[in-house]
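Novice: Residue-level listing of the chains:
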Amino acid sequence: MSLALEFSGVSLRLSGRAVLRGIDWRGESGRLIGLVGPNGAGKSMWLRTAAGVLSPQQGEVRWWGEPLARVPRTRWPSVIAYCPQRFALHLPLRALDCVALGLPAGRIRTASERERCLAALEKVDAADLAERPVTELSGGQQQRVALARAFAQEATMLLADEPLAALDPRHALETLALLRREAHEGGRLVVVALHELTLAARFCDEVLLLHEGRCLAAGAPLEVLDEARLRAVYGLRARRMEVEGETVLLPWAPADRP
Amino acid sequence: MREVLLAPALLLLVGLLALASLTLGYLEVSPLAWWRGVWAGDPLLRLVLVEIRLPRTLLALSVGAALGVAGAALQSLLRNPLAEPALVGATGGASLGAVMALYWGWAGAWSLALPLAGFAGAALVTALVLLLALRGTSTVGLILAGVAASSLSTALVSLILNASPNPHATMEIVHWLLGSVADRSLQDVALVLPPIALGTVLLLRQGTALRRLVLDEEAAASLGVSLPRLRLAVLVGAALAVGAATAIAGSIGFVGLVAPHLVRSLVRHDPARTLWAAMGAGAALLLAADLAVRLIDPHGAELKLGVLTALVGAPFFLWRVLAVRAP
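Read top to bottom, the protein sequences are chains F and B. Position one of the first sequence corresponds to residue 1 (our numbering), numbered consecutively onward. Position one of the second sequence corresponds to residue 1 (our numbering), numbered consecutively onward.
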C-alpha cells in the first residue's frame, strides 16, 4: 500500500459559492473508500476535483505524490478513471465502442484491446449488451456500461459517483463486491460516492463523511457513522444489529421523530 | 465490412463526380470528343478546362469538404445534431466582408479584394465569437455567442442592401450571397486552398478528443481532454475552413448540416471517423449539386448553388428535426 491520492487544504468555489472547504485527506492504494454525506454535501465536487475536472482555488490535489497540474494530460487515463453520476451520450454508440472510449486512442485498435473491453463488460455482467446502442439501454444497464468504461481504462485509481443509484439490489451488491476486489486484488484506490449507508458500512475499508463542503471524519465506517454524527449530518437515527456475525448499520427514522 | 469499404467508396464517388465536373458543361461537345480534343491540344478546349472547369471543380471539392468536416466537428463539439458551420460566425462574417467589398466597389477595382474582404470579415466575427465564448465555460454559451454574432452580421448585410444606391449593386450583392463556385479563377483557388487545408487539418486532428466528448464533458475532461483547448481548436479550424470557403463561394447552406448525418451510421457514430467521412460526403454533395445546376437548364440563367443546396437541404433538415428524439 502506498499513498495514491492526496488532498491538501483543498477549497473550491463555484460561482461564488464555497463547495469544498479546506479538505485534507490521504488515500492509500488497495482500499475501497466510501464517500458519504447528505445531498449537496460536496461529494460530486470532491470526486471531480480528485479527477482533475475541476481545479481548486486553494490547496492542491496530488496523484502518487505528484501535483495533478504537473501530470501531462495524455497520462491521465492511465492514472485515474472517473465515472460520473449521469452517463449522457449524445450519439447512439454501441456499448462496446463506448467502453473503448477509455482506451488510449478512445477506440479498439488491436485484438487485445478488444479483449480488454469485453472483459470489462463481463465484469459488470453486461457482456450480452456489447452490440446494443447504449442510448437504448435502461438506466441500470447504462450505469453498468459506464462502470465498464472506467474499468477498461485500467487506471491506478477509480472514482465513481453513485455507481449504485440505478442498480437493482443484486447488481448493487455485486458491483460493490467487484469494486472491493478491484481495490484489494487489483491494488487500486477506489473511491465511491454512496447514499446506501448500510452497504457503505459493510463493504468499504474507510468512509469519508462530507458535510457542507467539509470533511467531518474519515476512518473505519462504523466508527465514523456513529449516532451523534448521523444525527448531526443526516438528521437520522440508525439501528445496529448483528447479522451472520457482522454489525449492520440500518438507517431507521428521521432523528426528530420517534 | 461496410466500414472497410466506406473510404474507397467515398474516394471513388468524389473522383467520379470530379471527373464528370471536368467533362460536362455548356460547350456543345460530347464527353468523348471533349477529352479527345483536350488530349490533342485544342487551345480553346484547354483554355475552358484550365480557366473554367478546373477552378470550378477544385472549389466545389474543397468548399464541400470544408463544410462537411466543419459541420461534423461542430456537431460533436456542441453535442448537437443540428449544429452547422454557420454557427461559428465565420459564414456571416465572410458574407459581410464580401458584401462590403461589392458595395464600395473594391471588388471591381481588384479581383482579389472580394475574397480578401471575406477573410477579414470572417476573422473579425470569429474573434468576436471567441471572445464571447471563451469567457464562459458552457457549450450553450458558445452556441449563443455564435447565434448572436451571426445575427449581427446578417443585420449588417441587410443594412448594406438597404442602403444600396442602385438596383444593379443590389442584384450583384444578392447574387453573390446566393452562393456559387462558377466563374472563379485558379488564382482564387490558390488563395483559399491554404486556409481551407489548414482549417481542415486542424479539425481532423481533434478526432480523438471529439470521440471522448461523446461522454459528458466532465468524463471527457477526466480522460485528459482540455475543453477550452478543444473549443479553441474547433472554432479556429472551422472559422479558417468555412470562412475561406464562404469568402470565395458565398454562403452555401445545409451541406455542413447534412453531410455528417449521411455518413454517421456508416461509421457506427464514431465522431473521429465521421470527420473524415463527412469531409468526403460534403465534397461529393457539392460536386453533385454544382453538376446539377449546370445540367438542370443549360440554356437559361444558372441556378445558384446555395439555392439548390437549400432546396434539397431544408426538407432534410425538417426530417432531422422530426427524427431527433426527445432526450
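Among the clues, some could well be false.
According to the in silico footprint, chain B covers these stretches of chain F (three or more CB under 8 Å from chain B) [to be verified]:
1. 50 to 63
2. 69 to 76
3. 81 to 94
4. 245 to 257
Sample of chain B residues with no beta-carbon within 12 Å of chain F, all distances over it, derived [what the hints assert, rightly or not]:
5. A7
6. L22
7. L159
8. S164
9. V307
10. V312
I should point out that these hints are in silico values taken from the structure, not numbers from a laboratory. On a predicted model such as this, the values are computed, not experimentally measured, just so you know. All C-beta atoms in this analysis are idealised placements derived from N, C-alpha and C, irrespective of residue type, glycine included.
Novice: In terms of beta carbon proximity below 8 Å, does the segment 245 to 257 of chain F have 3 or more residues touching chain B?
Specialist: violated (count 0)
Novice: Per the stated criterion, does the least C-beta distance between S164 (chain B) and chain F lie above 12 Å, as a non-interface residue requires?
Specialist: S164 (chain B) is indeed farther than 12 Å from all Cβ atoms of chain F, at 43 Å.
Novice: Taking beta carbons only, do three or more residues of the segment 81 to 94 of chain F come closer than 8 Å to chain B?
Specialist: Three-residue rule met by the segment 81 to 94 of chain F, so holds; n is 13.
Novice: Taking the minimum C-beta separation from L22 (chain B) to chain F, is that value above 12 Å?
Specialist: Consistent with the label, L22 (chain B) stays out of reach of chain F, its closest Cβ about 37 Å off (over 12 Å).
Novice: With d taken as the least Cβ-Cβ distance between A7 (chain B) and chain F, does d exceed 12 Å?
Specialist: Given that every Cβ of chain F is farther than 12 Å from that of A7 (chain B), nearest at about 16 Å, it holds.
Novice: According to the definition I'm using, a residue is off the interface if its beta carbon is farther than 12 Å from all beta carbons of the partner; does V312 (chain B) meet that for chain F?
Specialist: holds (24 Å)
Novice: Closer than 8 Å, Cβ to Cβ, for at least three residues: run that test on the segment 50 to 63 of chain F against chain B and report holds or violated.
Specialist: holds (count 3)
Novice: May I ask you to check that L159 (chain B) keeps its beta-carbon over 12 Å from the closest beta-carbon of chain F?
Specialist: L159 (chain B) clear of chain F: closest Cβ-Cβ about 37 Å, beyond 12 Å.
Novice: Would you say the segment 69 to 76 of chain F counts as covered by chain B, given the rule of at least 3 residues with C-beta under 8 Å?
Specialist: holds (count 4)
Novice: Checking the smallest CB distance to chain F, is V307 (chain B) really beyond 12 Å?
Specialist: holds (32 Å)
In the structure shown, a violation is registered for the earlier hint numbered 4 alone.
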